[in-house]
Every structure is written in structure tokens, then in C-alpha cells.
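J.: Here's the letter readout for the chains.
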Amino acid sequence: MRFKGKSIFKGRVEGECVVYNSGLSFLGGVDPTKGIINENGKNISDRVLSFERSIGSTVGSYIIYGLKYYGNPPMAMIVNVPDETFITGALVAEIPSLAYISSYIFQDGDIVHIDGDYVEIDVDLKEVVTSILVHGDEMLLLRRSSRVSTYQGKWAGVSGYIEGLDPQSTAIKEIKEETGIENPVLIRNGGKIYVRDGKRLWAVHTFLFHLKNKNVNIDWEHTEYKWIKLKELKNFETVPGLDRVVQNLLL
Amino acid sequence: MYLDKEEERMISGEMGEGLKIAMEIILKLGEFYGAERTIKITSSQISGVSYRNIGDAGIDLLRKFRDSKVSVKTYLNPIAFDLNYPHDFTEDENFISKQMEIVRIFNDLGVYESLTCTPYYYYTPSIGEHLAWAESSAIVYANSVLGARTNRESGISALASSLTGRTAYYGMHMDENRKASIFIDTDFTPDYYTATVLGLYIGNMFNGRISYFRKAENDLDTLKQLGAAMNATGSTPMFHVENITPEYRNSIDSEKEKIFIERSEIEEFRKKISSDIDPDVLMAGCPHLSSNEIKKIAGYVKNKRVKNGKSIFLFTSRKIKNENSEIVKIIENTGIRIYTDTCMVVSPLKERFSSIYLSSGKSSYYIGKEKRIVLADLFGILEVMMS
Chain A
1 MRFKGKSIFK GRVEGECVVY NSGLSFLGGV DPTKGIINEN GKNISDRVLS FERSIGSTVG
61 SYIIYGLKYY GNPPMAMIVN VPDETFITGA LVAEIPSLAY ISSYIFQDGD IVHIDGDYVE
121 IDVDLKEVVT SILVHGDEML LLRRSSRVST YQGKWAGVSG YIEGLDPQST AIKEIKEETG
181 IENPVLIRNG GKIYVRDGKR LWAVHTFLFH LKNKNVNIDW EHTEYKWIKL KELKNFETVP
241 GLDRVVQNLL L
Chain B
1 MYLDKEEERM ISGEMGEGLK IAMEIILKLG EFYGAERTIK ITSSQISGVS YRNIGDAGID
61 LLRKFRDSKV SVKTYLNPIA FDLNYPHDFT EDENFISKQM EIVRIFNDLG VYESLTCTPY
121 YYYTPSIGEH LAWAESSAIV YANSVLGART NRESGISALA SSLTGRTAYY GMHMDENRKA
181 SIFIDTDFTP DYYTATVLGL YIGNMFNGRI SYFRKAENDL DTLKQLGAAM NATGSTPMFH
241 VENITPEYRN SIDSEKEKIF IERSEIEEFR KKISSDIDPD VLMAGCPHLS SNEIKKIAGY
301 VKNKRVKNGK SIFLFTSRKI KNENSEIVKI IENTGIRIYT DTCMVVSPLK ERFSSIYLSS
361 GKSSYYIGKE KRIVLADLFG ILEVMMS
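Sequence lines, in order, name chains A and B. Residue 41 in this note's numbering sits at position 41 of the first sequence; the count goes up by one each step and never skips. Residue 37 in this note's numbering sits at position 37 of the second sequence; the count goes up by one each step and never skips.
Read the hints as simulated data drawn from the structure, not as lab findings. Be aware that a few hints might be false.
To be verified - Pairs of lysine-lysine residues, derived as DSSO-like cross-links and limited to a Cα-Cα distance of at most 30 Å, are as follows:
1. Lys231/A - Lys179/B
2. Lys20/B - Lys192/A
3. Lys272/B - Lys6/A
4. Lys20/B - Lys229/A
5. Lys42/A - Lys229/A
6. Lys231/A - Lys20/B
As the list claims (entries may be wrong) - Residues from chain B that keep clear of chain A, each with C-beta distances beyond 10 Å, as calculated:
7. Glu7
8. Ile21
9. Phe32
10. Ile39
11. Ser47
12. Ala57
13. Ala134
14. Glu153
15. Phe353
Said to hold, decoys possible - Computed Cβ-Cβ distance ranges for the label pairs, DEER-style:
16. Leu186/A - Asp276/B: 47 to 55 Å
17. Asp56/B - Gly41/A: 21 to 29 Å
18. Asp191/B - Ser22/A: 32 to 40 Å
19. Asp60/B - Gln168/A: 35 to 43 Å
20. Arg147/A - Arg372/B: 34 to 42 Å
21. Ser275/B - Pro240/A: 53 to 61 Å
Quick caveat, the model's predicted, so the values are computed rather than measured. Note that beta-carbon positions come from the ideal geometry of N, C-alpha and C, so glycine has one too.
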């Protein structure tokens with residue numbers, strides 16, 4: 001699967017990925033003399049570093065240059081949201097780097113091919129929708145039945161594959177099928193987030209809908225439903241990435 | 001991005017290797033953020049001057065620019081010690097000599113020892129002036145309080161702008177990116193002390209966003225504290241205060257997110273980050289003290305003495321210390337030390353103490369990661385530590 005980003009310093013490399021799914025401050029966050037991420041000790045030297053956003057001190061450029069100077073440069077760097085500090089650091093260190101590709105696409109150990117604006121990895125991409133339905137300060141969780149193809153028994157939002165329709169129409173169709181509700185009120189289109197699960201990569205289009213009442217009629221795809229408070233979500237065994245879908249829509 | 005003739009010559013390398021790298025950095029940032037052209041700047045301020053932070057790699061990188069000279073008023077961030085009293089801070093001769101080497105490299109580029117996070121006390125830009133500043137608290141002060149315009153430059157991009165005299169025209173240089181997206185009202189008027197706590201609290205809540213405050217005391221040092229704290233926890237480039245800051249008019253529309261903060265709420269927040277202890281040392285001057293702050297402190301401590309077993313260190317810039325030499329004498333006669341060129345965050349001075357009194361939100365945020373701190377009103381702390 002090939003993803004297009006925007007190159008900061010062009011290069012063509014192939015290497016093993018190290019993922020940091022968070023904001024990374026190079027000053028304090030990375031030890032250039034050892035080539036490691038301080039928080040978890042992961043080695044980034046001679047690897048492809050993928051992280052979510054560059055944050056923190058404007059001195060960070062020197063640290064990126066330091067990785068090269070001390071002989072521990074990453075082979076390449078992929079960041080979703082860069083800042084001036086990262087861009088100048090990558091340029092002066094001449095480390096192939098690109099932006100606007102989410103770190104959630106990757107997992108540690110992926111073999112990643114980088115060529116200019118493009119990144120290629122071996123994953124099976126599926127486009128799906130997940131809608132979170134809310135009423136007051138409660139959200140609806142559905143438990144997936146044994147007759148669906150994935151994540152049986154796990155708790156989820158209202159979801160389904162995108163086939164033919166656009167994402168928003170798919171979301172509305174799935175809500176009608178899975179809960180019997182017509183004309184839900186769209187509050188937010190949260191855009192697309194990635195959820196990685198082994199070789200499978202879910203591109204999840206996220207939507208937040210408001211319901212006028214709590215009457216739900218589930219179909220064969222689910223065995224039960226619950227209205228829960230946001231903070232209770234962590235007590236449920238959910239499909240992977242549901243916490244991020246909720247965070248993306250509600251925070 | 002459009003480049004003029006001089007910029008073309010810089011990037012071709014015919015004006016030297018330093019200018020070539022510098023112009024490449026500006027071009028790349030411009031392309032990245034969708035700038036159509038560059039804009040001339042009047043001043044630059046460079047972070048990444050401390051040997052503790054940039055190390056030998058930093059020295060190596062800075063040397064790449066050695067065939068060029070800065071073309072605008074350029075200032076440097078603080079270093080790890082006071083140039084006049086390095087041994088008050090460290091015994092490590094190698095460290096001192098490496099730090100001095102960095103200062104010399106900058107001297108050769110035409111930058112002299114301002115070594116302060118408050119370049120605006122050296123040169124106060126006018127409303128609408130374009131800058132390339134890298135110190136986070138100075139960025140927010142320039143944009144918010146002075147109405148000048150700067151992006152959040154990296155140490156290296158600020159140096160690139162300093163050498164070329166330009167920055168790419170995007171972000172905070174453009175009117176449309178200087179609007180607020182959160183309206184903040186309070187049941188108190190933030191003053192010198194409460195503003196610093198409020199800043200930490202707001203920054204933490206609204207990372208990167210521009211806030212509009214319904215009220216704050218009309219005092220430059222209060223606004224300095226508010227912005228510095230907000231930027232420490234939230235990387236915000238700017239804020240507005242109704243009736244006070246130069247661009248508050250039309251900076252927010254009524255549709256935006258509104259929040260109301262009570263005095264008790266920020267006091268609760270302060271208690272979470274501040275310990276209930278009585279440290280032996282106070283460190284104040286983050287950001288570096290203004291003339292006005294020094295005068296207020298002098299007025300308060302005159303004819304008092306620092307209590308036995310207690311220490312008080314203040315930090316300011318060389319210029320402010322020199323301009324206030326008589327007042328500095330009054331303060332130092334009480335046993336308080338005033339250092340320049342450095343501060344409690346970037347110097348190793350704090351290592352000698354297990355806990356510290358601090359009066360600024362920004363220093364509490366950084367030092368609080370390593371040590372127990374008490375964040376409190378400066379004059380309240382002085383009251384406890386002096387007799």
C-alpha cells in the first residue's frame with residue numbers, strides 16, 4: 001500500500017520502522033549520542049522513525065543534527081504534523097524526511113520503502129465508517145455478534161465497510177440498519193483516522209451523531225447494547241482504536 | 001516561492017556556503033507552509049546557545065555558517081552561566097571553554113552577548129514589524145504585547161533569517177492567522193501573580209491556540225508572565241486582552257468557544273503543582289526581570305536582609321543590570337545575588353538545592369519536572385525569606 005506525504009528532505013531508502021504514536025520533543029525526548037528515544041529506550045539509529053507530531057523546544061533542530069553528528073541518524077523520518085524545528089533539523093542533518101503521514105499507519109518492525117513524497121508498506125487497507133451516537137452525556141456501545149466477520153464479542157460504535165456510497169451516507173445507512181434509527185443529527189465529521197491491527201490497516205471515517213431519544217433496535221450484527229458515560233469506556237473490551245475514535249470526536 | 005535576485009544569488013552559493021544553507025532553509029520552510037514570497041525582517045533572536053543543550057554537534061553545525069555575517073539586529077538566548085562569574089555555576093573547565101567557544105562563533109557571525117530571553121528590552125519592535133524570534137516567551141510577547149509579527153522559529157531558522165535578513169511570509173506574519181479562537185472570562189482581574197498561574201492553566205487546556213482574555217491588569221510584566229506561562233504548557237504564539245493589547249479589536253467573533261474561570265479554580269490548579277514546603281532558595285527572573293520589576297523588588301527589600309540559611313538569586317539581562325546599577329547595589333546589599341546571561345532553568349545552579357521557591361509559571365513548569373517547587377507570589381516569598 002502506498003501513501004503520499006510531502007517530502008522535507010528527499011531520499012530513497014528502505015528500512016525497519018520504529019513507531020512513536022505521540023508528540024515527540026527532540027530536546028529531552030531523544031538522546032543523540034545514543035540514538036534512542038529516552039522514554040522507552042527504543043533505538044532509532046539506522047531505522048525509519050515514524051511519529052505523530054514534533055513538539056517542544058526550538059533547540060530540537062540541533063538534536064536532529066546531533067543524531068547525524070554522533071553517528072546515530074535514523075535512516076529516514078516520517079511525521080504527521082511537523083513544526084519549524086523539525087523541518088530545519090531534517091534539512092541541516094540531511095536525513096530523508098516527509099510529513100503528513102500518520103504514525104498510526106505503521107507498527108514496529110514494518111519494512112518501509114520511502115521514495116520522495118511516497119511511503120510504501122505491506123498492509124491490507126480497508127475503508128470503514130464508525131459513528132458514535134450520543135444522547136445527553138451518554139454514548140451508545142454495541143456488542144458485536146458471532147455472525148460478523150471481525151472482532152466478535154467486542155464492544156464498538158456503529159460501523160461498516162464503505163462500498164459504493166460516500167462515507168457520510170454509509171454512516172447513516174449503517175445507523176439505520178444496526179439501530180433502526182432514521183435521521184440522526186450529524187454533529188461532527190471527525191475525518192479519517194488509521195487503526196492498525198497486524199497486517200490489517202483500518203482507515204476509519206469517524207462521525208458523531210446526536211439522537212433525540214435512547215430507543216435502539218439492534219439487528220443480527222450485535223447481541224446487546226449499552227448507554228455509557230464517556231469515562232466508563234475504559235472498562236469495556238472494545239474493538240481496537242475505539243478510544244481514539246471517541247477522543248477524536250468528543251475532545 | 002518567488003525569490004528576488006539577491007535571494008537567487010544566495011541560493012546559488014555565489015555569496016558563500018553559509019548564506020546558501022540559510023536561504024535553502026527559508027525557501028524550504030516557505031514551500032512547506034505555502035508562502036509565496038519572503039519578507040524582510042528587522043530583528044532575529046536565536047535559541048540553542050547553551051552548550052548543555054546543543055553540545056559538540058551544535059558547535060559543528062554553527063561552524064557551517066562561518067563565512068557569513070548577520071544582517072539584522074540579532075540576539076541570543078541565555079547560556080548556562082553568568083559570563084562574569086562562570087565558577088559560581090560550574091567547576092567544569094571543559095564545559096566553560098566549550099560554552100565560550102559557542103559565544104565566540106556567534107561573535108564571529110556578528111552577534112554579541114545579549115544572552116537574554118527578553119530581547120525586547122534591547123530593541124522594542126513597533127506594531128506590524130516582522131521578526132524571526134525563537135525564544136518561546138519572547139515570541140508570544142512580541143506578537144501579543146508589542147503587535148510585532150514572528151512565527152515560532154527554531155534556533156537554526158532564526159539564524160538563517162538573521163543571516164539573510166528575511167523569513168518566509170506565512171503563519172503569524174499574516175493578519176488572518178492572528179485571530180483568537182477561545183474567549184476567556186474570569187471572576188478576577190489577573191495580576192502579576194495570578195496571571196502566571198492562569199497562563200499555565202490555559203496553556204495546558206488549549207495547546208497551540210490563540211486566546212482572548214476579557215480582562216487582565218494593564219501592566220507589561222503581568223502580560224509577560226501570562227504569555228510565558230501559557231507558552232510553556234501550550235506553545236501558543238499569541239493572546240489578546242480586551243482594551244489592552246494592540247490587536248484585540250476584531251480579533252474574535254462572538255460565535256467562538258467561551259470559558260469562564262474562577263479564582264478558586266486556578267488556586268486549586270496551583271496547589272497540584274506546588275508543594276507545601278519551605279525551600280531555602282528563591283530563584284526569580286523567568287523571563288529575565290525588567291527595569292520595573294527590579295525597581296519594585298528594590299523598593300520592597302531595601303533595608304532588609306536575606307535570612308540566615310536562605311539564598312535568593314535573581315536573573316536579568318546584562319543591559320538591564322547595567323542600566324540599573326544603583327538599584328542593583330541596593331538589592332545586592334541585602335544579600336540577594338543578581339546574575340545576567342543565564343537563568344534558573346538553563347544553568348546548573350538548581351542542582352545544589354532539593355527544592356526551590358519560584359514566582360513564575362514558566363520556570364515552575366520546567367524545574368517542576370525535576371524538583372519539588374513552591375510557586376507563589378514573589379513578594380510573599382520575599383516576605384518569608386527576608387527580615
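J.: Give a verdict on every hint.
T.: How the hints compare with the structure:
1. Lys231/A - Lys179/B: 33 Å, violated
2. Lys20/B - Lys192/A: 40 Å, violated
3. Lys272/B - Lys6/A: 42 Å, violated
4. Lys20/B - Lys229/A: 57 Å, violated
5. Lys42/A - Lys229/A: Cα-Cα ~36 Å, so violated.
6. Lys231/A - Lys20/B: The given pair, whose Cα atoms are some 54 Å apart, is violated under the 30 Å limit.
7. Glu7: At roughly 17 Å from the nearest Cβ of chain A, Glu7/B sits farther out than 10 Å, so the non-interface label holds.
8. Ile21: 7 Å, violated
9. Phe32: 6 Å, violated
10. Ile39: Correct as stated: the minimum Cβ-Cβ distance to chain A is 15 Å, above 10 Å.
11. Ser47: Violated, since 5 Å does not exceed 10 Å.
12. Ala57: 3 Å, violated
13. Ala134: Given that some Cβ of chain A is not farther than 10 Å from that of Ala134/B, nearest at about 5 Å, it is violated.
14. Glu153: 6 Å, violated
15. Phe353: Given that every Cβ of chain A is farther than 10 Å from that of Phe353/B, nearest at about 21 Å, it holds.
16. Leu186/A - Asp276/B: 47 to 55 Å: 49 Å, holds
17. Asp56/B - Gly41/A: 21 to 29 Å: 23 Å, holds
18. Asp191/B - Ser22/A: 32 to 40 Å: 36 Å, holds
19. Asp60/B - Gln168/A: 35 to 43 Å: 53 Å, violated
20. Arg147/A - Arg372/B: 34 to 42 Å: 57 Å, violated
21. Ser275/B - Pro240/A: 53 to 61 Å: 40 Å, violated
When each numbered hint is compared with the structure, violations occur for hints 1, 2, 3, 4, 5, 6, 8, 9, 11, 12, 13, 14, 19, 20 and 21.
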